[in-house]
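Participant: Spelled out, the chains give:
Protein chains: 2
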Amino acid sequence: MTKTFVSGHKSPDTDSICSALVYADLKQQLGVSAEAVRLGSISKETRFVLDHFQVAEPRLVESFAPEVEQVILVDHNERTQCADDIDKVQIIEVVDHHRIANFETAAPLYYRAEPVGCTSTIIYKIYQEKKLPIPKKMAGLMLSAIVSDTLLMKSPTCTDEDKAALEALAKIAEVDLQDYGMQMLKEGTDVLDKTIDELAANDAKEFKMGKHKVKIAQVNVIDFADVTSRQKELEAKLQEVIQSEQLDMFLYVVTDILNSNSVIIAMGEFAHVAETAFKVQLENNSAVLEGVVSRKKQIVPVLTDAFETLK
Amino acid sequence: MTKTFVSGHKSPDTDSICSALVYADLKQQLGVSAEAVRLGSISKETRFVLDHFQVAEPRLVESFAPEVEQVILVDHNERTQCADDIDKVQIIEVVDHHRIANFETAAPLYYRAEPVGCTSTIIYKIYQEKKLPIPKKMAGLMLSAIVSDTLLMKSPTCTDEDKAALEALAKIAEVDLQDYGMQMLKEGTDVLDKTIDELAANDAKEFKMGKHKVKIAQVNVIDFADVTSRQKELEAKLQEVIQSEQLDMFLYVVTDILNSNSVIIAMGEFAHVAETAFKVQLENNSAVLEGVVSRKKQIVPVLTDAFETLK
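In order, the protein sequence lines correspond to chains A and B. Here the first sequence stands for residues 1 to 311, numbered as in this note's numbering. Here the second sequence stands for residues 1001 to 1311, numbered as in this note's numbering.
Please keep in mind that the hints were generated in silico from the structure rather than gathered at the bench. Treat the numbers as computed from the prediction; the structure is a model and nothing was measured. A virtual CB, placed ideally from N, CA and C, is assigned to each residue, including glycine. Hints are not guaranteed to be accurate.
[What the hints assert, rightly or not] Listed next, with one range per pair, are the computed distances between beta-carbon atoms:
#1 B:Met1182 <-> A:Glu308: 49 to 55 Å
#2 B:Glu1167 <-> A:Glu129: 15 to 21 Å
#3 B:Leu1060 <-> A:Gln239: 51 to 57 Å
#4 B:Gln1028 <-> A:Arg230: 50 to 56 Å
#5 B:Gly1031 <-> A:Ala168: 20 to 26 Å
#6 B:Glu1104 <-> A:Lys3: 30 to 36 Å
#7 A:Gln28 <-> B:Met1182: 37 to 43 Å
#8 B:Gln1246 <-> A:Thr2: 40 to 46 Å
#9 A:Lys130 <-> B:Glu1167: 18 to 24 Å
Using the sequences plus the hints, can you model the full thing?
Facilitator: Shown next, in the form of structure tokens:
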């Protein structure tokens, strides 16, 4: 049988890794020869999850076409976030919870996007709709992805459907949601031993906004100083990435998961667009965004608007 | 409560009209203030359906923004097939069974596409998933849309899911599928009293293929001569549309629904691309495509490939 890859985005976060593993399990239950793969290294938070539920990590690949003709994308759709050879394979399915952009197919496909907090919430619904059993380990992975994406339900992206899924999955996975969730999130905020390269690449995604190329990375902390103490070094690295990838802006978002605020560092020729977008003054390339924790809901749409209305 | 429009594509076919009506009913059951609208006149086939099940036609609108802020698109996603002011409103949902192209949103949305024969098949599944009752009239509309799009299950686009939906819906709508279906399809093949303008605009959709602008219209007949007898007159009209809409190609597809073949008439500067795409020789701007009945599955992908590989 022809194999199909199930892949999350580049610089994978917990949702991209877990949703790929879980959706591959779901497809296997339906008789599809599906293999979860990943396009980058595993974060500390995700490592904690995989160890906790004793699940092996997806295989690391750099491209799809040498091995498969068909892929399923989870947790992303924008070309710039896919493997570079995405145009050489057929995308037969997408399960995602983001905007749709820079995405085009020649043929019809199965596309399922919902404006919920996490891809795994949608996959949980698909298990239900298809009346498939949810293995305990898979429940654990989905729960972890939802905790990660919704910051344990504190993000404005968290919907009632995410909450309902979390409750149901906690029972199947047999974990205490609050205890486990907090422990997992804290694990992800341990950034002190990251190299500057790792820090700059943390959950970094590229977006087209108007005619502009923008990269946005995000890292969770429980103390801004864990990152801001290394700001000069980080800025030099961001500048390097801007040069090599010809970005118009690199927005670096440091999110305090306990107090639900973010500090941004905006670099590049169009860094000033962040000032218009978020109605702040950059000082030392940086500003505090009160109450902002969600890239998807509070950053990307606002910044896209600002870039699209640029004169 | 804010009103939301549910709209099918321009030059609406039976699926676009019926799916808009039915999905508006489904959303109303969920408490949403949804109104089905249409972007063009009702075909004879669709008129037969609405009369048979005694359902009023959706209201004709030319634009969305003067009345609503949010729309739901059914049976299409490509910007060129929407109301012209689509950029001024927010697309909050799409339910569709076509390729995804020329589609972009700033924010996450509910997008449900499946590679099945008809949008109404997906809507039927959504009723099931949400455990909502299907009113008899709505069952009749969905059944009619599926019969229309799959040519009573004879099109290669028809899947097992379409067949299962048809069977279930025939019971709820209390119709004999074969009798009703054939009667309905024949109603739609009555093209003799159409003006040339109406004939040229019949189920016409615009596509971007590579850098090119292509319009494809399709009409069902039980005798090719019903259209080919007026070919010269039709060609003059197509030429006029090519000029005014600056098309690179106008492909006119006449489909014999009894024998499952099509005659194409290819016009425009890039008409020759049809020869490469379908491996035929155009004679008198025309060629027979044996076994071809589906624009979506047998025409658009093949023609897109041919345009994209143009030197």
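Participant: If a hint holds in the structure, say so; if it does not, say that too.
Facilitator: Here is what the structure says about each hint:
With their beta carbons about 50 Å apart, Met1182 of chain B and Glu308 of chain A fall inside the hinted range of 49 to 55 Å. Between Glu1167 of chain B and Glu129 of chain A, the C-beta spacing of about 20 Å keeps the proposed range 15 to 21 Å intact. Range check, Leu1060 of chain B to Gln239 of chain A: about 56 Å between beta-carbon atoms, so the 51 to 57 Å window is met. Hint check: Gln1028 of chain B to Arg230 of chain A, Cβ distance near 55 Å, so the stated range 50 to 56 Å holds.
The supplied range of 20 to 26 Å is met by Gly1031 of chain B and Ala168 of chain A, whose beta-carbon atoms lie about 24 Å from each other. Distance hint check for Glu1104 of chain B and Lys3 of chain A: the Cβ-Cβ separation is about 31 Å, which falls inside the suggested range of 30 to 36 Å. Take Gln28 of chain A and Met1182 of chain B: their Cβ atoms lie about 42 Å apart, and the range 37 to 43 Å holds. Gln1246 of chain B and Thr2 of chain A have their C-beta atoms about 42 Å apart, which keeps the hinted 40 to 46 Å range intact.
A hinted range of 18 to 24 Å holds for the C-beta pair Lys130 of chain A and Glu1167 of chain B, which are about 20 Å apart.
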